[in-house]
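Enquirer: Okay, here's what each chain looks like letter by letter:
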Amino acid sequence: MEQRSHIYGVMAEFDTPEKLIHATERARAEGYRRMDAYTPFPVEGLSEAMGLKRNMVPLITLIGGLFGGLSAFFFQWWANVLSYPEDIGGRPLNSWPAFIPVTFELTVLGAALSCVFGMLALNHLPQPHHPVFNVKRFVHASADRFYLCVEARDPKFHLADTARFLQGLHARHVSEVPDD
Amino acid sequence: MAVEEYLAPESVSRFQARAFGVGTAALILAILGGLRSPAQFYQSYLMSYLLVLGLTLGSLGLVMLQHLTAGHWGIIIRRPAESATRTLPLIAIFFVPIALFGMKYLYGEWLDPQALKEHPLSGFQQHYLTHTGYLIRAVIYFAVWLALMFIFNIWSKQQDVNQTDRILRQRFKMLAGPGIILYVLGMSFAAIDWVMSLSPHWASTIYGFIVVGGQLISSMSFLIAVVVLLARYQPLAGVLQPRHLHDMGKLLLSFVMLWAYFDFSQLLIIWSGNLPAEISFYRTRLYGEWAAVAVIVCVFHFFVPFFLLLSQDLKRRAQVLSKIALWLILMRLVDLFWMTRPEFTSSAVPSWLDFVLPIALGGLWLSFFAFNLKRSPLLPLGDPQLAEAIEHHEH
Chain A
1 MEQRSHIYGV MAEFDTPEKL IHATERARAE GYRRMDAYTP FPVEGLSEAM GLKRNMVPLI
61 TLIGGLFGGL SAFFFQWWAN VLSYPEDIGG RPLNSWPAFI PVTFELTVLG AALSCVFGML
121 ALNHLPQPHH PVFNVKRFVH ASADRFYLCV EARDPKFHLA DTARFLQGLH ARHVSEVPDD
Chain B
1 MAVEEYLAPE SVSRFQARAF GVGTAALILA ILGGLRSPAQ FYQSYLMSYL LVLGLTLGSL
61 GLVMLQHLTA GHWGIIIRRP AESATRTLPL IAIFFVPIAL FGMKYLYGEW LDPQALKEHP
121 LSGFQQHYLT HTGYLIRAVI YFAVWLALMF IFNIWSKQQD VNQTDRILRQ RFKMLAGPGI
181 ILYVLGMSFA AIDWVMSLSP HWASTIYGFI VVGGQLISSM SFLIAVVVLL ARYQPLAGVL
241 QPRHLHDMGK LLLSFVMLWA YFDFSQLLII WSGNLPAEIS FYRTRLYGEW AAVAVIVCVF
301 HFFVPFFLLL SQDLKRRAQV LSKIALWLIL MRLVDLFWMT RPEFTSSAVP SWLDFVLPIA
361 LGGLWLSFFA FNLKRSPLLP LGDPQLAEAI EHHEH
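Residue numbers (the working numbering), protein chains in the order written: chain A, 1 to 180; chain B, 1 to 395.
For reference, chain B alone in the conformation it holds in the complex (with noise of 0.2 Å):
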């Protein structure tokens, strides 16, 4: 098989520079908003940087799991995942505004003088949660997320032209599981100073599984419609067929519950312990008006897939399932919405900024992700298995 048989399509083409337009317009405007109201900016910016990187992370953790299980459903997604992954600078670049100035609006409980003379952290967190341990530890986090996707993507730059190479398979195997490893601590304690730290005087151990997860089935989705798009053109036209989509709506069916079970555990240690410095998280979430998002979350995060999911039909049809995926994309928005929000504001109403800047970052990332598509051809030419993934034994 040659290389050039398996380049993107010419529409993706087309697709980055759409993409790059929407994003950088939907930038301006958000910029131009933010200069009013910086706090509500950095709000709906945190919002929409947790969702793209999840996208990118999740990736990562998906073109690990894929070497590891050595399934078709990850031969298919291997590159349209890896190129996820290459938007990793991106990922860098977006996170510098919060560290340079959004930090001091959204961390003002750790930051602020005045709030921490009031409320004054445990010993620990003194030395833990300042603001160059933060800026330390993330330079920390992307130097791992970093190598581990250099390293994963060169090495499969390399299997395409070394389509013999043994040793090659062996190496992938072997980082994958350690590289596993570290992506979910790194991600758990970047989920602990970005996120959890929003409010400093509560803790929960889960809490970076339950990132971890949201990042999974964001990942998942955004690959699945990513391939059922690439379908419809050559050279992935023929190539996707319905066992594939089985596999990966079963993936995705497991990533749903996977994050559910996270996320009820941790309500149902806190609602049971009912102690007063854990049930706060839960004090502004589940009750006012951001109960209805909770339900929300609930029935349309969960429930509505989950059932969706159960089908065998429904997960063998490329456009259902991709639809499916779309919106639980859409949910992972909602759902950081409603982990990150109401630590600022008891009113569940979004502003308009928490429209125009997931459109803003991820039209740049989506941007981004279509030029690294191109950069390679849409399949491992070089794996072992790719001509017994692609064959066709449907009579």
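The shape of chain A in the complex, shown without the other chains (with noise of 0.2 Å):
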């Protein structure tokens, strides 16, 4: 328990994106749940192997659409029809096709905003500060080399035996991950 304080997590480095993938889904097999890959670029296949599941960001944006679309639509029924009624041309008051331009942007508007920020959210962006810098051999993060961080608040975490373990899966280095 106490170790957990001032440690972040274990962090090993890889050569290749196929070390990582392969090391990730042996952490995965042996029970390790808390844990993050660092690449330098999108690797395909290393969601599945971290057992990621789906995100909220579909239905967030969904959310956000509907909102965007129907206070549109309220809005302009809204102000056409109580608020300032007033006869264009003898078309109704409540002249829906009218609408629907607006409706339909602000739709997208919503849409993409809460997609946006949805995902910066989900994430915690933006944020200042990541324990994984305090390594200094993480500059290669966005480089050439690949990382997996098994974190400290994982249950199975023990700082020896987990260490050990990255150790056996062709790491090329294993550091420990202080948390300040």
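No wet-lab data here; the hints were simulated from the structure.
Even glycine gets a Cβ: it sits at the ideal position worked out from N, Cα and C.
Where hints are given, some of them may not hold.
[Stated by the list, open to error] Below, computed lysine to any residue pairings styled on SDA-like, alpha-carbon distance capped at 20 Å:
no.	chain 1	residue 1	chain 2	residue 2
1	B	250	A	107
2	B	250	B	323
3	B	250	A	57
4	B	250	A	54
5	A	53	B	246
6	B	250	A	136
7	A	53	B	317
8	A	53	B	313
9	B	323	B	310
10	A	53	B	314
11	A	136	A	180
12	B	250	A	112
13	A	53	B	157
14	B	157	B	131
15	A	53	B	21
16	B	374	B	10
17	A	136	A	15
18	B	250	A	82
19	B	250	A	58
20	B	250	A	115
21	B	250	A	111
22	B	374	B	225
23	B	250	A	108
24	B	104	B	114
25	B	323	B	296
26	A	156	A	32
27	B	104	B	38
28	B	250	B	390
29	A	53	B	390
30	A	53	B	310
31	A	19	A	51
32	A	19	B	392
33	A	53	B	173
34	B	250	B	69
[Claimed, not checked] Here are the in silico distance ranges between beta carbons for each label pair:
no.	chain 1	residue 1	chain 2	residue 2	range
35	A	119	B	139	52 to 62 Å
36	A	98	B	68	50 to 60 Å
37	A	127	B	154	32 to 42 Å
38	A	155	B	374	55 to 65 Å
39	B	374	A	156	51 to 61 Å
40	A	119	B	242	43 to 53 Å
Make one complex out of these two single chains by using the hints.
Expert: Structure (structure tokens):
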């Protein structure tokens, strides 16, 4: 218990995406769940290896789109029918076909904004600092190295055992990640 | 990869024979009915003709589109799409009965001197909308489409042999862009001649785009249904993956939205203008019995497929996606019924010929399509992106 307040996790460094995927699959099979992978480019199959479930972004986007569309339609209806009824060329006050373009635009706007900001929120972004940057070698994550970090909050985490386990997965290097 | 490995499965031949039998039987039945009521026959014929025309020309558009965008989905559907474009000679033959016998039943409003005396055409129309002009323009449309079809199919065949020909790839891209413009322009004019002129005193500049949008929906739907069926057998079993279906589903969704956008734009502009000359189109289609058909088109051609296709899971499931696709082809027929028939009758109850003739033309068309499908390997073996397109990287 004591160690968890000082250690964020244990991080292994790999040469190739294949080794990383292999290590991730092994770590999952071993029972580790609280872990994250860091790569210089999107690696196909990594999400599956990490057992990532579908996220909430599509649902948030749908809700944002529906909210945008409904509010746009409601606002136009309210303005034209209740707030400021005006006879325009003899058309009905509730001229719904004329409301559709704005409804459509705000559906797109609501969906797009909630998609982007929902994604940022779910990723806990913006985040000025992250413990993995405490490891000096981690700069290579944006160039040519692939990292797997098993976090200390994983119930199976044990500093020495986990480090030994990762070492056994053909890691180039295994480092402790201090939590500050 | 050897050509023989990728030839169409045996079941395609059985399908070809069956479709030919059903199509021929239905056509004989329809002709017998047509002898008794020729006007009804040609009204149903025009609607059925527009459906198979859409499957063919929409596929031509998609062939050119996939040359431009070079997505993996395009490599999977390219051969079925090319086979669909090679039915174009049959489409030209199907046009002959309209040109020779059907025109007087369909285009009475601008052919019948009596009707013209009551409602004369405008100055330009008097010279443009003539019997000869109609026929000459039809020949031009078919000449352009046939030329595009032959060129793309011949080059594609050459690519199977010359797998490393870079110039060929460049040529595909060079022609695909102008080709798409030619297709849309040609179809726009053809839609004016063949469909919009049913009511010559009404005009809409977006009409051709509505027709093209509908053609893209029907051909994309058809190709999805075909590849899902083909994936049940070797050699395509195991080639078709959820990621391909996902892309095709997305494209289908975008076509559904595009078509709805065009269709609604026309409604919005005409409804806002509220001018007597323009609203005639919707006066006949949004009131009485036709209102029910309009609601069906709006709900089942747009809203239901739209919300179903939003779901990622449904798009990736072959059986679900192909059912949505087949449903959309049926809805295309209902939409064509709603676009053409109100010009002739206020009754929205379909005649029995409205069921038999789509089966007749559709059956013969499918049979020819199956025949074409057997002529070449089911995948474009010379395409440099093929290996990447059929690679499995879902762990």
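Enquirer: Evaluate each hint against the coordinates.
Expert: Now the hints, each set against the structure:
1. B/250 with A/107: Satisfied, since the Cα-Cα distance of roughly 18 Å is no more than 20 Å.
2. B/250 with B/323: holds (15 Å)
3. B/250 with A/57: Holds - the C-alpha atoms of residue 57 of chain A and residue 250 of chain B are around 17 Å apart, at most 20 Å.
4. B/250 with A/54: The given pair, whose Cα atoms are some 18 Å apart, holds under the 20 Å limit.
5. A/53 with B/246: Satisfied, since the Cα-Cα distance of roughly 18 Å is no more than 20 Å.
6. B/250 with A/136: violated (43 Å)
7. A/53 with B/317: With Cα atoms ~18 Å apart, residue 53 of chain A and residue 317 of chain B stay inside 20 Å; holds.
8. A/53 with B/313: Measuring from Cα to Cα gives roughly 13 Å; hence the hint holds.
9. B/323 with B/310: holds (15 Å)
10. A/53 with B/314: Given that 20 Å is the threshold and the Cα spacing comes to 17 Å, the pair holds.
11. A/136 with A/180: holds (14 Å)
12. B/250 with A/112: Measuring from Cα to Cα gives roughly 17 Å; hence the hint holds.
13. A/53 with B/157: violated (44 Å)
14. B/157 with B/131: violated (39 Å)
15. A/53 with B/21: Distance ~50 Å between residue 53 of chain A and residue 21 of chain B Cα, so the pair is violated.
16. B/374 with B/10: holds (9 Å)
17. A/136 with A/15: holds (17 Å)
18. B/250 with A/82: Status violated; Cα separation ~40 Å.
19. B/250 with A/58: Status holds; Cα separation ~14 Å.
20. B/250 with A/115: holds (18 Å)
21. B/250 with A/111: holds (17 Å)
22. B/374 with B/225: Answer holds: residue 374 of chain B to residue 225 of chain B is near 17 Å, not above 20 Å.
23. B/250 with A/108: Holds. Residue 250 of chain B to residue 108 of chain A sits at ~16 Å (cutoff 20 Å).
24. B/104 with B/114: holds (13 Å)
25. B/323 with B/296: holds (18 Å)
26. A/156 with A/32: Holds, at about 6 Å.
27. B/104 with B/38: holds (10 Å)
28. B/250 with B/390: holds (19 Å)
29. A/53 with B/390: violated (25 Å)
30. A/53 with B/310: holds (19 Å)
31. A/19 with A/51: Holds: residue 19 of chain A and residue 51 of chain A sit about 17 Å apart, inside 20 Å.
32. A/19 with B/392: holds (18 Å)
33. A/53 with B/173: Distance ~39 Å between residue 53 of chain A and residue 173 of chain B Cα, so the pair is violated.
34. B/250 with B/69: Answer holds: residue 250 of chain B to residue 69 of chain B is near 14 Å, not above 20 Å.
35. A/119 with B/139: 52 to 62 Å: Given about 55 Å between the Cβ atoms, the range holds.
36. A/98 with B/68: 50 to 60 Å: Violated, at about 36 Å.
37. A/127 with B/154: 32 to 42 Å: Cβ of residue 127 of chain A to Cβ of residue 154 of chain B: about 57 Å, so the range 32 to 42 Å is violated.
38. A/155 with B/374: 55 to 65 Å: holds (60 Å)
39. B/374 with A/156: 51 to 61 Å: For residue 374 of chain B and residue 156 of chain A the Cβ distance comes to about 58 Å; the hint holds.
40. A/119 with B/242: 43 to 53 Å: Violated: the Cβ-Cβ distance is about 23 Å, outside 43 to 53 Å.
Against the hints set out earlier in the document, violations occur for numbers 6, 13, 14, 15, 18, 29, 33, 36, 37, 40.
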